[in-house]
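Turn these sequences into a full structure, and let the hints steer you where they fit.
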Amino acid sequence: MKVKLHIWRQSKASTAQNFAQDGKMVVYELDNVSKDMSFLEMLDFLNDKLTREGELPVAFDHDCREGVCGSCGIVIDGIPHGPQRGTTTCQLHMRSFKDGAEIYLEPMRAKAFPVLKDLVVNRSAFDRVVQAGAFISVSTGAPKDANAILVAKDAAEKAFDAATCIGCGACVAACKNASAMLFVGAKVSHFLHLPQGQPERDRRARNLVTAMDKEGFGNCTNQNECEAVCPKEISVRVIAEMNREFVRAKLREEPPSHKRVGGDG
Amino acid sequence: MSWLCAFWRSSIGGKLTMAVTGLLLFGFVVAHLLGNLQLLGGQEKLNAYAKMLHDLGSLLWVARIGLLLIFVLHIVTAIRLSRSNRSARPVQYAKSATLQASFASRSMLFSGLSLLGFVIYHLLHFTLGVVHVDEVAKKGADGHDVYSMVVASFSKAPVAAAYIAFQVLLFFHLQHGLQSFAQTLGLHHARYTPMIKSLAFLLALVVAGGNILVVLYPSLWLAKGAA
Ligand code: FES
Numbered sequence: 000m001k002v003k004l005h006i007w008r009q010s011k012a013s014t015a016q017n018f019a020q021d022g023k024m025v026v027y028e029l030d031n032v033s034k035d036m037s038f039l040e041m042l043d044f045l046n047d048k049l050t051r052e053g054e055l056p057v058a059f060d061h062d063c064r065e066g067v068c069g070s071c072g073i074v075i076d077g078i079p080h081g082p083q084r085g086t087t088t089c090q091l092h093m094r095s096f097k098d099g100a101e102i103y104l105e106p107m108r109a110k111a112f113p114v115l116k117d118l119v120v121n122r123s124a125f126d127r128v129v130q131a132g133a134f135i136s137v138s139t140g141a142p143k144d145a146n147a148i149l150v151a152k153d154a155a156e157k158a159f160d161a162a163t164c165i166g167c168g169a170c171v172a173a174c175k176n177a178s179a180m181l182f183v184g185a186k187v188s189h190f191l192h193l194p195q196g197q198p199e200r201d202r203r204a205r206n207l208v209t210a211m212d213k214e215g216f217g218n219c220t221n222q223n224e225c226e227a228v229c230p231k232e233i234s235v236r237v238i239a240e241m242n243r244e245f246v247r248a249k250l251r252e253e254p255p256s257h258k259r260v261g262g263d264g
Numbered sequence: 000m001s002w003l004c005a006f007w008r009s010s011i012g013g014k015l016t017m018a019v020t021g022l023l024l025f026g027f028v029v030a031h032l033l034g035n036l037q038l039l040g041g042q043e044k045l046n047a048y049a050k051m052l053h054d055l056g057s058l059l060w061v062a063r064i065g066l067l068l069i070f071v072l073h074i075v076t077a078i079r080l081s082r083s084n085r086s087a088r089p090v091q092y093a094k095s096a097t098l099q100a101s102f103a104s105r106s107m108l109f110s111g112l113s114l115l116g117f118v119i120y121h122l123l124h125f126t127l128g129v130v131h132v133d134e135v136a137k138k139g140a141d142g143h144d145v146y147s148m149v150v151a152s153f154s155k156a157p158v159a160a161a162y163i164a165f166q167v168l169l170f171f172h173l174q175h176g177l178q179s180f181a182q183t184l185g186l187h188h189a190r191y192t193p194m195i196k197s198l199a200f201l202l203a204l205v206v207a208g209g210n211i212l213v214v215l216y217p218s219l220w221l222a223k224g225a226a
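Which chain is which? The protein sequence lines are A and B, in order. The numbering of the first sequence is numbering that gives the first Met the number 0, which starts it at 0 and goes up by one. The numbering of the second sequence is numbering that gives the first Met the number 0, which starts it at 0 and goes up by one.
Calculated from the structure, these hints are not laboratory results. Here a beta-carbon is modelled for each residue, glycine too, at the ideal position from N, C-alpha and C. Among the hints, a few may not be true.
Unchecked claim - Once the Cα atoms are required to be at most 27 Å apart in a straight line, the calculated DSSO-like pairs of lysine-lysine come out as: (1) B:K94 - A:K11; (2) A:K1 - B:K196; (3) A:K34 - A:K1; (4) B:K196 - A:K157; (5) A:K34 - B:K196.
Unchecked claim - Pairwise CB distance ranges, derived in the manner of DEER restraints: (6) A:K23 - B:L112: 31 to 37 Å; (7) B:S113 - A:D21: 35 to 41 Å; (8) A:D35 - B:L204: 46 to 52 Å; (9) B:L204 - A:P82: 33 to 39 Å; (10) B:L3 - A:A19: 37 to 43 Å; (11) B:H121 - A:A19: 40 to 46 Å; (12) B:A30 - A:K23: 38 to 44 Å; (13) B:A164 - A:Q197: 51 to 57 Å; (14) B:S57 - A:E253: 55 to 61 Å.
See the structure below:
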C-alpha cells in the first residue's frame, strides 16, 4: 500500500521560551508499505529510505514494541496511539489504514512534555510526579510471606486496573487541557485499595497532586478524552478517586505548627 | 486563610470550587424558575409573589450579596482554570480529533461567558429597568405590576427569541455542569454514573424548558385568549 505521511520535524529541543522551535510538518510519500507492518515498522521502513537518500531519519520513541513499556506514543491523526482503541502505537498495524491514506504524525503536545526532537518528547515530568508519592515505603529485612496480608478480590482488581498504567502520556496528549489527571489518578487508585497503601494515604494524595500542579499540566474538565485513548483503557473512575482523596487529605491535614516530629503520614 | 488560598489555587481545589459554587447557582436557578412559573398563575399570583420578595427587605439584600459572591467566585475560578488549561498546551495539533467529549463539555467556557452576558442584560432589563424602558414602564408607578411588564416584554418577538436562545445555552451548561459536579466530588460508579448523567440531562431540560414556557406564555396562551 501507499501512504502520504505528514510528520512534525523539529531539530532543536523545545525550551520554555520557544516552544515550537522552528519545527514544521513535512510531507513524505511512502510506497510498498505492507498491511502487515506495524506502525513503527512502517517508520523504520521510511527511515531506511531517508537514510539511503542522505536525509536525517525521523526520531521517535520506542522500546519494547509489545505494548508494555510505554515508550511509544505518537499522536496519529490527532489521536495519541492512533485509531485503534486500547492499543499502543507499537501494537498498531498498517491494516488499520486505507491504501493511499494521508496520515498526520505529531509529538504529544503539552507544556510539561517539551519536544526533544521530531516525535520524541521529554516525559520526565511523569517521573517527578511518581517520585513525589507513587510508591509505598517498605522496611527491608526478611521477605514476608506473600499471602500474609489479605486483600479482597474486588479491591485487588480495582488496584490492578489502575496499576496497568504504563505511563505513556497519551492521556495528557489527548486531553483538551493537557491535564495529567488520568495518570496521577491511576497512581492514587493503585495504592488506595490495598492495605499496604494505607499508612501513606493522605501524604500520597497531597504530594502527588502538588507535584502534578507544579509541572504545568492543565485541569480536568471531565471530557473523558483520556479514557478513550488510554492503551490500557483506564477509567476516569481513578480521577474521581483522586479528587476525593485529595480533598479528604487536605481536610485532615494539620496546620504546620501542630505537626508532630516524624512527618505528616 | 492561606491554607484556603493554597487549596483554591490547586487544580483540584479549583475544580471543587467550580462544582460547589455551580451547584449553589443551580439551586438559585431552580428557585428562580419556581418564581417565574407564578406567571402561569396569572397577574395576581405573580404580583403577590414579587411583593413578597420585596417585603423581605434587608433579607433580600443578604441573599443578593451572597449570590453575587458565589457568582463572582464561580467566574473568577473558571477564568483562572481556563487560562491555566490554555497555557498547558502552547503548541496546538496540526490535526486534532475529538473521540468522546460531548458538545456541552467542549462549549462550557463559551456557554458560561454568554450566560454572564445574559445575566447582565437580564438585570438591566427587569431589575434595573435600563433597557426596553417602554415595557418596563408597565410595572406602574408603585413598581408592583411585574406581570404587565413581563408580558409586555415577552410579547416582543426579538426579546423572547433572545431569552429562549440563552435558555438553550443554559441547558448545555447545566447538563455538563451537573454531571461534572458528581465526578469532581469523587462520585464515580459503574451503576450510578450513567444514572447521574441522565438525571443531569433531565434537570437541565426541566429548568431550560420551564423558563422557555414562561417566555412563550404571553404569545401562546394570552394571544389565544384574546383571539
Ligand atoms: S514500545 Fe513499549 S509500549 Fe510501545
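Here is what the structure says about each hint:
no. : hint                        : verdict
1   : B:K94 - A:K11               : 22 Å, holds
2   : A:K1 - B:K196               : 44 Å, violated
3   : A:K34 - A:K1                : 10 Å, holds
4   : B:K196 - A:K157             : 23 Å, holds
5   : A:K34 - B:K196              : 41 Å, violated
6   : A:K23 - B:L112: 31 to 37 Å  : 34 Å, holds
7   : B:S113 - A:D21: 35 to 41 Å  : 38 Å, holds
8   : A:D35 - B:L204: 46 to 52 Å  : 50 Å, holds
9   : B:L204 - A:P82: 33 to 39 Å  : 34 Å, holds
10  : B:L3 - A:A19: 37 to 43 Å    : 38 Å, holds
11  : B:H121 - A:A19: 40 to 46 Å  : 43 Å, holds
12  : B:A30 - A:K23: 38 to 44 Å   : 55 Å, violated
13  : B:A164 - A:Q197: 51 to 57 Å : 52 Å, holds
14  : B:S57 - A:E253: 55 to 61 Å  : 40 Å, violated
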